[in-house]
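Novice: Chain by chain, the residues:
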Amino acid sequence: MKGSREKAASELFAALYPSLAGWCRRLVDDDGTAHEIASEAFTRLWSRWTAVAEPRGFLYVTAANLVRDHWRKLERERRAVRRATAEAAVGPRNEQADPSVRLLVQSLPGRLRVPILLHYYADMPIREVAALTGRKEGTIKADLHAARELLRAHLRRSLDHTL
Amino acid sequence: MITHSDDDPDFGPDDPLAVIMRPPAEYLSPPPGRYEAIRRGAARRRLLRAAAGTAVACAVGALFVLPLRSAAPEAPVSPVVPLAPPSPASSPPAEPTPSASPGPADRGSGGSGLGDRTSAPSTAPVPTARPSGVPTFTRVPSAGQDSATATARPSAARTGAAVPTPARGTQR
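Residue numbers (UniProt numbering), protein chains in the order written: chain E, 1 to 163; chain R, 1 to 172.
Isolated chain R, as found in the complex (with noise of 0.2 Å):
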């Protein structure tokens, strides 16, 4: 044991306290075995706190990156030609029914082949329209004459395909 007699003026020779700072030296040897445990446990410890300074360095840059690149601007999207313009198609159905029928003059106007599609079903009852004034065109030739017929199939060709179907209607 060192005396510090130099660095303690107040330790005097018959102090109680210089006899309990000083006490004797005592050893105790370690246990069999006692370094290799120590040394084993000192490198577990050093990969856990590897492993632990790994994953918290993983989670943090995680933490950094994810919300920078959610908040990147997104390249430019080409801008896609629509197939159809949405708005004209879809509304004006109703109207075309009335004035659908007077038949191909108004098809021929048409500007898109869409509106002409949702025309089409409106334009159903024109054959039906038609043959109120088709029998009194054919009901006169019929009286007697096939030329009339004849005469008569002409113009039934300018109004459309839908002019047969009357004329079988009016034979019965």
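Extracted from the complex, chain E is given alone in its bound form (with noise of 0.2 Å):
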């Protein structure tokens, strides 16, 4: 019974973790973070008492909770940073010229953010996203669309600054 847990479990992480550690490596900074928040996301995953389900769902929500928890950290620091030294401006403008993902993703309000990141970045149906976020799969093409349309003007701007 045990045994055949651990080998679940096992395959599970083999199965998963390369993509799972891919996905948050494209949205933070460093392999580092990327490796730590996969491995927080299996943590909880295996820590909980009542089996998952959708280990897959749940491994990445749980990611993309901690990645928006990182961005938010990142944010303080660097407002912190801005504050105490003169050089104010270099950070963002050279984010603007250069819009990543995680910059993108990062401008969209929490609630559009997650089923952009679930669907587009986890590869995963709108049904599923649909179903890990508890909305109705119509919710969550309007917040695809929405969170498109968001992005799409983001990305105008950046350009029109970058010419």
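What the hints contain is simulated information worked out from the structure, not anything from laboratory work. Some hints could be false.
Derived CB-CB ranges, DEER-like [what the hints assert, rightly or not]: (1) R:Glu36 <-> E:Arg48: 15 to 21 Å; (2) R:Leu66 <-> E:Arg79: 45 to 51 Å; (3) R:Pro32 <-> E:Leu103: 54 to 60 Å; (4) E:Glu75 <-> R:Ser70: 48 to 54 Å; (5) E:Asp69 <-> R:Glu36: 23 to 29 Å; (6) E:Arg76 <-> R:Arg69: 45 to 51 Å.
To give an idea of the chain E side of the interface with chain R (calculated C-beta under 8 Å), a few residues [as the list claims (entries may be wrong)]: (7) Phe13; (8) Pro18; (9) Asp31; (10) Ala34; (11) Phe42.
Among chain R residues calculated to face chain E with C-beta under 7 Å, some are [what the hints assert, rightly or not]: (12) Glu26; (13) Tyr27; (14) Leu28; (15) Ser29; (16) Pro30; (17) Tyr35; (18) Gly41; (19) Ala42; (20) Arg46.
Fair warning: this is a prediction, and the values are worked out from it, not measured in the lab. We put the beta carbon where it would ideally sit given N, CA and C, even for glycine.
Fit chain to chain and form the complex, with the hints in mind.
Specialist: Spelled out as structure tokens, the structure:
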């Protein structure tokens, strides 16, 4: 019983960890943070008392929340540094000139961010995203549409700024 | 990467957003020993959570049980018979001193044993008071006859045990 559970956990880890860590790597700055977030997501999955029916969805939603926390922490640190030093505008200008995936997704409101991350970056179908977020499929489609419009406008602004 | 052409009608082929939203798949292989570390961390966290849950449950149980136990009615206490009535014993000692002078008649009429005990010191003056009367009674016979003293003794026996001391005092 315990051996089979251990084997299933090992298989799940081998199947999902590389893609989850790679997904995190696109959203954070370095490999170390990506590994930390992916490991924390797996730790939370296995430290639960109740079994999770959809481990993949649980892992990605947990990782998305951890990434969001990481962004918030970075933003706080950046603000503190900006307040402390005179070189305030260097970072933001560079970011606007080169809008990465992270900054684009970070610019979205929270309720639009998770569907985008899960649908486009974690390759989850809309049905699965709806089940994970507890929203209807039509709501998810509308959220994705609104998120795309926002991202497009953000991207256009960034491109205009560079030209 | 899955293409979402059915789900995203807004994406055109030359949409810059489509390029950003469909990045190439990226994989990061886990560092050696990461799986074991994650399993250990998860087991430790589960243990800590169980311990914390148990502690909270115990604390909540104690919070419920202790007030209930203190608020529960106590078992009826069986009434204990008092050893002696407290009120009459404490106040009267001052009064009997004058009334105790009559002597044995009062002692016999006393209700409680404690009352007798407390009045006993007050009867101590009785011998001192009696000598004044006794000598008058004893002096008359002591003028010359022993028989008179003999007749006086029964009366002394009647007054009580204190009599002999006054008799000695008078003979001095």
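Novice: None of the hints should be skipped; say for each whether it holds.
Specialist: For each hint, the structure was consulted:
Separation of Glu36 of chain R from Arg48 of chain E is about 19 Å and conforms to the stated range, judged on CB atoms against 15 to 21 Å. With their beta carbons about 49 Å apart, Leu66 of chain R and Arg79 of chain E fall inside the hinted range of 45 to 51 Å. At roughly 33 Å, the beta carbons of Pro32 of chain R and Leu103 of chain E sit outside the given window of 54 to 60 Å. With their beta carbons about 53 Å apart, Glu75 of chain E and Ser70 of chain R fall inside the hinted range of 48 to 54 Å.
One distance hint, 23 to 29 Å for the beta-carbon pair Asp69 of chain E and Glu36 of chain R, holds here, with the actual separation near 26 Å. Checked against the hint of 45 to 51 Å, the C-beta distance between Arg76 of chain E and Arg69 of chain R comes to roughly 50 Å, which is consistent with it. Annotation: Phe13 of chain E was flagged as interfacial toward chain R, and the flag holds, the nearest CB pair being 5 Å apart, inside 8 Å. At a threshold of 8 Å, the smallest CB-CB gap from Pro18 of chain E to chain R is about 4 Å, leaving the interface hint in force.
Below 8 Å, beta-carbon pairs count as interface contacts, and Asp31 of chain E has one with chain R at about 6 Å; its hint therefore holds. At a threshold of 8 Å, the smallest CB-CB gap from Ala34 of chain E to chain R is about 6 Å, leaving the interface hint in force. About 5 Å separates the beta-carbon of Phe42 of chain E from the nearest beta-carbon of chain R, less than 8 Å, and the hint is met. Against a cut-off of 7 Å between C-beta atoms, the interface hint on Glu26 of chain R holds, since the closest Cβ of chain E lies about 4 Å away.
Interface restraint check for Tyr27 of chain R: the shortest CB-CB distance to chain E comes to about 4 Å, inside 7 Å, so the restraint holds. Checking Leu28 of chain R against chain E: minimum C-beta separation of about 4 Å stays under 7 Å; hint holds. For Ser29 of chain R, the interface hint holds, the least distance from its beta-carbon to any beta-carbon of chain E being 5 Å, beneath 7 Å. About 5 Å separates the beta-carbon of Pro30 of chain R from the nearest beta-carbon of chain E, less than 7 Å, and the hint is met.
Because the smallest distance between the Cβ of Tyr35 of chain R and any Cβ of chain E comes to about 5 Å, under 7 Å, the interface hint for this residue holds. About 5 Å separates the beta-carbon of Gly41 of chain R from the nearest beta-carbon of chain E, less than 7 Å, and the hint is met. Annotation: Ala42 of chain R was flagged as interfacial toward chain E, and the flag holds, the nearest CB pair being 4 Å apart, inside 7 Å. For Arg46 of chain R, the interface hint holds, since its Cβ comes within 7 Å of a Cβ in chain E; the closest pair sits about 5 Å apart.
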